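Chains as they are written, first to last, in our numbering: chain A, 1 to 248; chain B, 249 to 496; chain C, 497 to 1022; chain D, 1023 to 1548.
Since the hints were made in silico from the structure, they are not lab data.
Source: prediction; values computed, not measured.
Misleading hints may appear alongside valid ones.
[Stated by the list, open to error] With a Cα cut of at most 25 Å, we get these calculated BS3-like pairs of lysine-lysine:
1) 132(A) <-> 1395(D)
2) 922(C) <-> 1395(D)
3) 245(A) <-> 200(A)
4) 1468(D) <-> 922(C)
5) 498(C) <-> 1024(D)
6) 132(A) <-> 922(C)
7) 380(B) <-> 1448(D)
8) 942(C) <-> 498(C)
9) 1448(D) <-> 942(C)
10) 578(C) <-> 498(C)
11) 979(C) <-> 377(B)
12) 869(C) <-> 1448(D)
13) 1024(D) <-> 942(C)
14) 498(C) <-> 380(B)
15) 105(A) <-> 165(A)
16) 1395(D) <-> 129(A)
17) 129(A) <-> 1505(D)
18) 377(B) <-> 869(C)
19) 498(C) <-> 1237(D)
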Amino acid sequence: MTETKRIKAYGDALDDGAVQLSFTLPVDAGPLARAAALNLAVQMGLEHAEIAYMTPVSQGFSFFVVYGRCRHSVDLSRLQVAEAGLEEMDFFEINDYIKEHIGRKINVVAACTGTDAHTVGIDAIINMKGYKGEYGLERYPWINAWNMGSQVPNAALVAEAVRRKADAILVSQVVTQRDIHIPNLTELVEMLEAEGIRHKVVLVAGGPRISHQLAVELGYDAGFGPGTTPRQVASFIVREMVQRKLGN
Amino acid sequence: MTETKRIKAYGDALDDGAVQLSFTLPVDAGPLARAAALNLAVQMGLEHAEIAYMTPVSQGFSFFVVYGRCRHSVDLSRLQVAEAGLEEMDFFEINDYIKEHIGRKINVVAACTGTDAHTVGIDAIINMKGYKGEYGLERYPWINAWNMGSQVPNAALVAEAVRRKADAILVSQVVTQRDIHIPNLTELVEMLEAEGIRHKVVLVAGGPRISHQLAVELGYDAGFGPGTTPRQVASFIVREMVQRKLGN
Amino acid sequence: MKLNLDSGLVENCRAAAQKIAADVQDFIRDKTTVAVERAILRLLGINDAADGVPLANIVVDAIAARGELNLGAAYWVGNACKQLGLSPAAVAQQVAAGELDLFALPRFAPEELHPYLRQLARPGLQRIADRRREREEMLARLPMGPAPWLYVIVATGDIMQDVVQAQAAAEQGADIIAVIRTTGQSLLDYVPHGATREGFGGTYATQENFRIMRKALDEVGERLGRYIMLVNYCSGLCMPEIAALGALERLDMMLNDALYGILFRDINMQRTLIDQNFSRTINAYAGIIINTGEDNYLTTADAVAEAHTVTASQFINEQLALAAGLRPWQMGLGHAFEIDPDLEDGLLLEIAQALLARQLFPQAPLKYMPPTKHMTGNIFKGYLLNGLFNLTSVLTGQGIHLLGMLTEAIHTPFLQDRYLALEGAKYVMNNARHLGQELEIRAGGKIEGRAREVLAKAAEFLARVADIGLFAALEQGMFAAVKRSRDGGKGLEGVVMQAQGYCNPFLEEMSTELREAQRNDGNKAD
Amino acid sequence: MKLNLDSGLVENCRAAAQKIAADVQDFIRDKTTVAVERAILRLLGINDAADGVPLANIVVDAIAARGELNLGAAYWVGNACKQLGLSPAAVAQQVAAGELDLFALPRFAPEELHPYLRQLARPGLQRIADRRREREEMLARLPMGPAPWLYVIVATGDIMQDVVQAQAAAEQGADIIAVIRTTGQSLLDYVPHGATREGFGGTYATQENFRIMRKALDEVGERLGRYIMLVNYCSGLCMPEIAALGALERLDMMLNDALYGILFRDINMQRTLIDQNFSRTINAYAGIIINTGEDNYLTTADAVAEAHTVTASQFINEQLALAAGLRPWQMGLGHAFEIDPDLEDGLLLEIAQALLARQLFPQAPLKYMPPTKHMTGNIFKGYLLNGLFNLTSVLTGQGIHLLGMLTEAIHTPFLQDRYLALEGAKYVMNNARHLGQELEIRAGGKIEGRAREVLAKAAEFLARVADIGLFAALEQGMFAAVKRSRDGGKGLEGVVMQAQGYCNPFLEEMSTELREAQRNDGNKAD
Ligand code: B12
Ligand code: B12
Ligand SMILES: Cc1ncc(COP(=O)(O)O)c(C=O)c1O
Ligand SMILES: Cc1ncc(COP(=O)(O)O)c(C=O)c1O
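Generate coordinates for the entire structure from the input sequences, incorporating the hints supplied.
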């Protein structure tokens, strides 16, 4: 695409910019609060902003529902779409790809790290049973997968990766409150670098609030968000291995 | 207030800026749409914006729920709070006020104009029965009120106002789709000016999507939105009459 | 779920409503209106316009101006056709062009012309019958899902945008699409012509707009393998004309209430009741399901205190519908979920009311309206109100289920509002699909008690109306707390006493066929 | 609403669970753990810390390091008190300061010391009894509303922000506030000290945080005229200590499950079951209501297929609770609304399950958990799921009702999320307040059939567990599809065989009183 393609939010007519907002303000409900909410909406680029609802939530707090027409538009032709696993292969293609391009079984070590105890996400990717009707990596004949489970310290994960000669390390982070995942994910990268193996592995993060962009910023090769399927992850790993010539 | 008092939206910590958005984009759900939605959120001033939900709505349209931290803040000390009826009197005070400052019954003519047939709002202000446990203007001993009902052409309203020697004209507009209320409200002002009586009356608009600001911009003395009570309106009318010396 | 009701009271209600309807029929029998006459011309094929003015209006106005409408427009147009060997459309064109003076021609005696008029009516009747058969065939091929059928409105004001929104809604699971009318159309004494893109709060009802939307819905229906029904508003000063256009363009449902225009648009009651009868006859013949408007009472009156007026009105609408030849499956009798959500045990009362309607009119599909007046700008709470409404509907087996919009208090629906409404309704109805079959109402409990109370009040109310007649009841403000005078309101000038020799060839033919069908219904067990 | 259940099967379930519980009690009778011992020290008044390390840990670690914990920490501290004429707190201080070597002192013979230890335990027992009386008085003065009680969590990680959110929630109508714990706390083998402001996904449970929140809730409760209950988590490696702290600071409820730590935190099963018994005894004595964690099974397992494991676990939790001296009104047995919302007639199954629990445990308040795993980023649909959950709860008469948050899949609750949750629940529960009393379940229908099926499966499941014992059942992965080995998991090293002469003066005294109360209960009809 080279020609510009600008779009706006849509309510009931093209480019009407219709957007709904809700938020709480730390001020008692009343004319001042209403004016503040409107002002905020205007700063966000809303025209014809209307306070559809204002209510006191408790002493010193009020809640708002706002509708308005957002003047901002997005040029689709200039967007950078960065998402891992865009071109996925299926179960058979992936195994064939490994056989053909790498020629040996690959090793994948996975864990939900830190104090995070949410295993369902990483289990969905790794375990036999899989997710959304797709097998997990354990079931792939050309993949050895180890799932270390939850609340795994980064140090333990690194040690296991070394022991298993991991080609790929998969980290799940589900709890993100107060950005706890950021130092945790960062620490792992630092440990791998200290260990001198960062460049030898495909390093992948995932979780409901993980985006590809965030993961790359933190020094990962890819990030996978909600709804990820095993084969998206496997496709990425094997392509990345071949591209970076990690298979030997 | 002279000292600045900046506030931001509040989620679970002061100044976290937490805001919820939802909107539709005219593009099929997918990585491109997701990127577009994020871009829009960023333009609106959201940091850490996250697409909590993306779903196809129909061919060529996708719907989003977004959470993020809005960087904009509002300085409460600099806000202009323009709302009519801020200092309201009660039923007795208003009647006393008329008796004392105007010395005769005042005349109020009201209508829901144009093709708009929503009478509940204007009835709430005018009719005996009133609203939220408050009497309507008809019940005020010092007010003569005429409610012309719905779908009243502007010309008919002007004629009635002349006939009743109206001190105040109240107009309700509920249907606002495609801004139909704007030309309709504007036409009334023009007719009153052509008739030479605009300056002799208190001209008030009201309705669920009418704000004081909008009404003033259109040439009205005040605008009243959802939840307005009769005495707020009456308070405004009588104060405005006295201030503009319309009572003689 | 079953309520134990007093069957004697039910019979009383029906008997009273029957008397009310019979009185109305007596009154309207020898009258016609400009709108009825225009509808006849439209069915005769006069659907064009000259300089934007519909030919039907030009011709009827010309006849009325001469004070000759009492023989019926069909007589004058038919006379010209026969005298000149022209089609009705050609006659209308010439009249509009000022090339033909209907009154300057020689005249057949009225009675003499009737067989010819019946002949002239054939193609119109045939076209309607074809549309009906078309619908039946499509329904067999593209069956609809189980009731409650999900009904949403589109209301952009622009028929082209409406199409986008309607097709999207169908994709999201809507069974029925209503194109809401612009404010003010109901008071126009003509039906605008052509495709329109500038309504407010709705889109003009025009024959071309009907066609455009019908085509769009057929398209998406084929794609989805489900027939998508199309609805418009057969009310206001052009009620019978819109019925005619809807019949010609295969609409499937029509908002059509005996009293709505009188109460909520201040249209003259004589005019409305006459128009209503012919429009319903056309709807009946076209196999169209009508939606009555009892729900509107509750947008101004209190839903607890005035519930019985809804029930009473349903009985009246039923009897007037029967009188116009409609069959029970065509009666989308209206009611609504409008009790103050903050009332303790309000849901029990809603269930009582919904179940009462269900039981009183077992064969009617029932049109169930969502909460509107208690919807606020709090879209979240509003979404939940709609959730309990959806639940009540599936629990009590309603037929035509209008979806509530979370933004009801804010704007006409956006694309996403409709998407969310459909998603919510599908979730609740699927998740509670057979709940109504698994629960029983406690005998002698609050729900049953409430239903019995509403029924008793309705019976009393109907007895009073039957006593004084519908006109007097309207004059006394017995419905929706609105008082209307017999000769007040808009459109009385369009009412005309029929002269000896008057002829409405469509009404005659349709009525004959419809009576026959009703007689067959009568033979079947209820 | 009443289900027709097979009472023989119910008795089988109880008998099997009783056997399971008795086996567990046999196992734990002669064992203690570091956490139990620390809890004893806390009840003896040792609640300070040195350089952030709790004195209770320092003292217990010192004793354990010498391999002398098998006489009980009370013995060693009591011995020192008696020898030196110091308070337990003073003894602990000196130990921490390195000024006192407990093992260098002369020793009373264990049995000789027991009366003195009972003496030493008095003030702690008294303080708990005072708190309990305080609660009873406040409840009489500031009565709570009707059940289901609305329970919300605060989880900012910062106790000061938690206070803001908790008070706001109370103002909005919450009856119960739970302060969620930070991730990772359950695996700490100590209870952090002081006020804390840096948790993740929750706030540290500390005595000072308990105090701060208790005060804040008492304040807002007085203002609102309603007692607001406070909840924390009595689980993980410090289960009994937290029970002690909660009892001392007048918490009203405690999350406390026999198996949760084993299954979901991989804590050793021996350790957990011993800790569980003492913590429950303390809860019982403090008049605290426990909340069990059966709902957690359904966050990973399928709620339709595994429903019977929830029921079975409720029976086990009930019997273990009885064994620890809890009375039925203190048993907030857990269950959850976790069936896939897209399942046809799923709501019927939810109603069946909720009603089954209600009927099996008629005196228990029952803790009902909202949908979590089927919540997505679609906050609108999620809000509606919570709506049907709220409805099911009021319909089936649940006691402790956890509010679902529309942002469940996104973040820990914001102020507005909680506001909307409370508003929604109040609306639904008020609007349907007595619906359950007006409806009956169709005999032999789907709902009843489902409840009977789940009961039958639970009975079979319990019989198998009773047969092999709880430990073996856990080893075989019979609960939540998680396999745990008897000697695996965290914390086994903290388990200690009691020696001859071991003494836990609190357990003895509390148990005696609690047995007495239970005997009185037994005299009352169920
Ligand atoms: C189930 C659950 C639990 C279970 C976990 C059981 C288990 N064995 O995992 C239990 C009940 C134990 C639990 C406990 C807690 N939970 Co929890 N829990 C959930 C819940 C309901 C569902 C999570 C889930 O299973 N999703 C399904 C899986 C399949 O989706 P997913 O994780 O997104 O994974 C997919 C993708 O993200 C991706 N993916 C994930 N990881 C990875 C890794 C890689 C390498 C790749 C490639 C892809 C990938 O692929 C997966 C498949 O598509 C969510 C709410 C919700 N509806 O989302 C809360 C939630 C995650 N929990 C939360 C919290 C706070 C907790 C607690 C900390 C609360 C407390 N203080 O007690 C505790 C403690 C847990 C701890 N120490 O971490 C919060 C997190 C808030 C935040 N954003 O920080 C949530 C969002 C709820 C909330 N709104 O408060 N929880
Ligand atoms: C009741 C109702 C009706 C009733 C009206 C009955 C009647 N006699 O009024 C009926 C069923 C007839 C109806 C019909 C239609 N309606 Co309507 N209706 C509503 C509804 C449900 C409630 C309105 C109401 O009564 N509010 C209660 C009163 C007390 O509130 P209020 O009007 O805001 O008034 C207060 C203040 O605004 C203020 N105020 C109002 N006027 C004035 C004037 C002055 C001078 C002052 C000082 C103050 C003041 O004081 C009042 C008291 O506090 C709203 C949805 C909703 N929940 O809000 C839709 C709504 C207003 N209707 C709407 C529409 C589109 C229509 C139709 C055009 C649909 C159609 N195409 O068929 C029709 C046609 C009507 C027409 N020609 O105008 C839209 C308007 C959308 C928009 N923003 O443009 C709404 C918002 C619904 C929707 N989401 O689509 N409607
Ligand atoms: C029966 C009926 N007719 C018509 C309408 C629409 O109004 P109008 O005819 O003024 O367009 C409604 C509105 O809901 C209605 O219920
Ligand atoms: C019974 C029980 N205990 C404890 C917890 C909390 O987990 P943790 O003990 O790891 O903080 C939960 C979570 O919901 C629970 O249900």
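Comparing the hints with the structure gives:
no. : hint               : in the structure
1   : 132(A) <-> 1395(D) : holds (15 Å)
2   : 922(C) <-> 1395(D) : holds (20 Å)
3   : 245(A) <-> 200(A)  : holds (9 Å)
4   : 1468(D) <-> 922(C) : holds (21 Å)
5   : 498(C) <-> 1024(D) : holds (18 Å)
6   : 132(A) <-> 922(C)  : holds (22 Å)
7   : 380(B) <-> 1448(D) : holds (22 Å)
8   : 942(C) <-> 498(C)  : holds (14 Å)
9   : 1448(D) <-> 942(C) : holds (21 Å)
10  : 578(C) <-> 498(C)  : violated (60 Å)
11  : 979(C) <-> 377(B)  : holds (17 Å)
12  : 869(C) <-> 1448(D) : holds (20 Å)
13  : 1024(D) <-> 942(C) : holds (18 Å)
14  : 498(C) <-> 380(B)  : violated (38 Å)
15  : 105(A) <-> 165(A)  : holds (11 Å)
16  : 1395(D) <-> 129(A) : holds (18 Å)
17  : 129(A) <-> 1505(D) : holds (16 Å)
18  : 377(B) <-> 869(C)  : holds (18 Å)
19  : 498(C) <-> 1237(D) : violated (52 Å)
Against the hints set out earlier in the document, violations occur for numbers 10, 14 and 19.
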